[in-house]
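Protein chains in written order, with the working numbering: chain F, 1 to 400; chain A, 1 to 400.
The set of hints was computed from the structure by calculation and includes no laboratory data. The structure presented is a predicted model; accordingly, all values stated were derived computationally and were not measured. If a hint is listed, it holds; no wrong ones were tucked in.
Some chain F residues judged to face chain A by a derived CB distance under 7 Å, without partners named:
{"id": "1", "residue": "Ser87"}
{"id": "2", "residue": "Gln90"}
{"id": "3", "residue": "Gly91"}
{"id": "4", "residue": "Ala226"}
{"id": "5", "residue": "Arg230"}
{"id": "6", "residue": "Gly250"}
{"id": "7", "residue": "Val251"}
{"id": "8", "residue": "Asp252"}
{"id": "9", "residue": "Leu253"}
{"id": "10", "residue": "Thr257"}
{"id": "11", "residue": "Phe258"}
{"id": "12", "residue": "Ser259"}
Idealized CB from N, CA, C, for every residue including glycine.
Number of protein chains: 2
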Amino acid sequence: MGASAIREILKVVAQPGMISLAGGIPAPESFPLELIGALTETVLTRFGSAALQYDRTEGFAPLQAALADRLGTRGIQAAADEVLITSGSQGTLDAIGKLLIAPGDSVAVEAPTYLGALQAFSPYEPEYQTLETDDDGLIPESLEEVLKHKRVKFIYLVPTFQNPTGRSLPLSRRRKVAALIQRHDALLVEDDPYSELRYRGEPLPSLKSMAPGHVVYTSTLSKVLAPGLRVGYVLAPEPIARWLVIVKQGVDLHTSTFSQALAAEYIAGGHLDRHLPKILDFYRPRQEAMLAALDEYFPREFHWSKPDGGMFIWAEGPDALNTDELAHACIRRCVAYVPGRYFYPGAGQGLGTMRLNYTMTDPPTIRNAIRIVAEVFREAQSAARGGEAQSAEYGGAAPG
Amino acid sequence: MGASAIREILKVVAQPGMISLAGGIPAPESFPLELIGALTETVLTRFGSAALQYDRTEGFAPLQAALADRLGTRGIQAAADEVLITSGSQGTLDAIGKLLIAPGDSVAVEAPTYLGALQAFSPYEPEYQTLETDDDGLIPESLEEVLKHKRVKFIYLVPTFQNPTGRSLPLSRRRKVAALIQRHDALLVEDDPYSELRYRGEPLPSLKSMAPGHVVYTSTLSKVLAPGLRVGYVLAPEPIARWLVIVKQGVDLHTSTFSQALAAEYIAGGHLDRHLPKILDFYRPRQEAMLAALDEYFPREFHWSKPDGGMFIWAEGPDALNTDELAHACIRRCVAYVPGRYFYPGAGQGLGTMRLNYTMTDPPTIRNAIRIVAEVFREAQSAARGGEAQSAEYGGAAPG
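With the rest of the complex left out, here is chain F (with noise of 0.2 Å):
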């Protein structure tokens, strides 16, 4: 229901004047455009026919071998034939809701989560347990207390600049959780789409990195290369991979090999290196922009996330501000951002909040969006004050 709103949003978004702060998608210019044509002919060169024939469920070999060195960078070992390639992340969420999730089974997600992940889980009925959060992301003690009375039959968690709320869980709490889920023996997936890009500061460690037993781990090629080209990858421990494998056999068989030959060079010939810096410097000022315009012109009773990279701010006002009414109000000045209350899992909860993706609009267009949605705010807000002040006065010489 939630995912229906936000694509009745983003109907509204497509039109021309628009200025959007609602998508959660990548920009254009962050592709690697100029490279696609070099890549193509390279890959027809290295892999011939091979690059257009069926392939193994598992993934295009040279692909895997990619990003496991890749993930080796980042502290996850992982040898080739252990990373899974999938449909993009979607495609390891729904196999993972599949073989994992019988109906009334419990899920534990963060609220507010990815909506994303709700959607390819609730086809298989499970139970979701809700765990708290604040400004570092999932309180620990709040997943302890579900493990403590709730058999949970995963934990789902984006750690690091979550969607929607751009936060990331700090070390400290990081090492809580690898603590609990192997001391509770719990499955964690680890939803990491995010944590390369970082505009500043250093890069905090996986929980894959830190409990790889207890970890399911999935990525994707989309913010770093491009979402068209839906290529994804899981890493998990047996038997859950073998079991991956056989489900995603049965979904679509493999993903598109030429995809996957595409971004098994993009990787291995260097160019996502020396392209994801260029990605970041285009991105940095957007969100700085954004962070100083809500600096600027958003009520005092506003406050935010401000994260170190990814591509979402997370902003909460009061309750009684509904963002959801608002979100009409500010499209008829032609700016949309996505009400907080969707990313809920249960109703009634986060409405005074909201979700602002920085990444598809340039810097002097960010300020004026912030600045049209703070006096959209402002005036409900007078508007609010006015009517209680009316209703008390209407109040006092109530006929009585």
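Starting from the known structure of chain F, arrange chain A on it as the hints suggest.
Chain A in isolation, oriented as in the chain F frame:
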């Protein structure tokens, strides 16, 4: 289980020196490899970064339009936005299973049938109703019997050049099946990957064109472009079409935009029309070589399908001649095929049957392979006769 047995066979087949009649894949020589570079250039010029970006779940609009045009020439009327793009036919079959099958629901399938369909459906725990077939494919009376006594969720059929048998439903049976599903208000999934691989004879109308409101039609570009792109498509009556989109969104968001853009250019640019005759000219002599070799070498107790197209010939011998056991003897002599029993939903059927693929092997090698298989079978038959004779002898001379 059948699938994993076949995977084992295909692993053996990958060994050097092995002649494979076991695969079910197009010859790499059939791919328009020399076009891919130019298609990539056109795609990048025409669509730019949109070819690398997230796209609508329904499909890349230019591909939807190109396929709608093409379906029109095959007697299937469809608007562009009714043609939904999937990640290969497998993507369609999985989405259909997820959408339509609740545990215990009846799904009617031919025996033998396409294994990938069983693999896609079985995780949703249907009960299979087996439909009888003969040399002309599905026997309509068998379908009528099932529809009279069972509420089936849907019927799954490959009516043209079926996998594994190569058989096609003749026009008169198509009319009966179309009338039956309309009379019983039943839903039929028509899987049509092979009908464009026609080496002789006139095209047969699709069931979709005869009973559009009762048929989900699915096809693929795997056999006429390249399977590695993982592009299939589906046409479904409402509300199934709308729900398939929602299901697909949770499974993989959308099919690779880049693959879809290449496919759109391949079709709309007239390349498919120019390339398809080359594929047919490449496969036709291979099929003729296999049919001739079967005539020349195979034991008289066998009979086999004589399809006008597709990728397979189905041979049936006496049950006593266990093709599963004899497959090992053939592999020792460096020839592989798939024993037919794996294509039956139930156990103990088709013990004397086998699927023979001719797309991957050149005519002289096909002739040689069929000769070897025939020899192995003859040796087994005469050993069995010898054994019988022997056991009769020993039986006669038995003590007691």
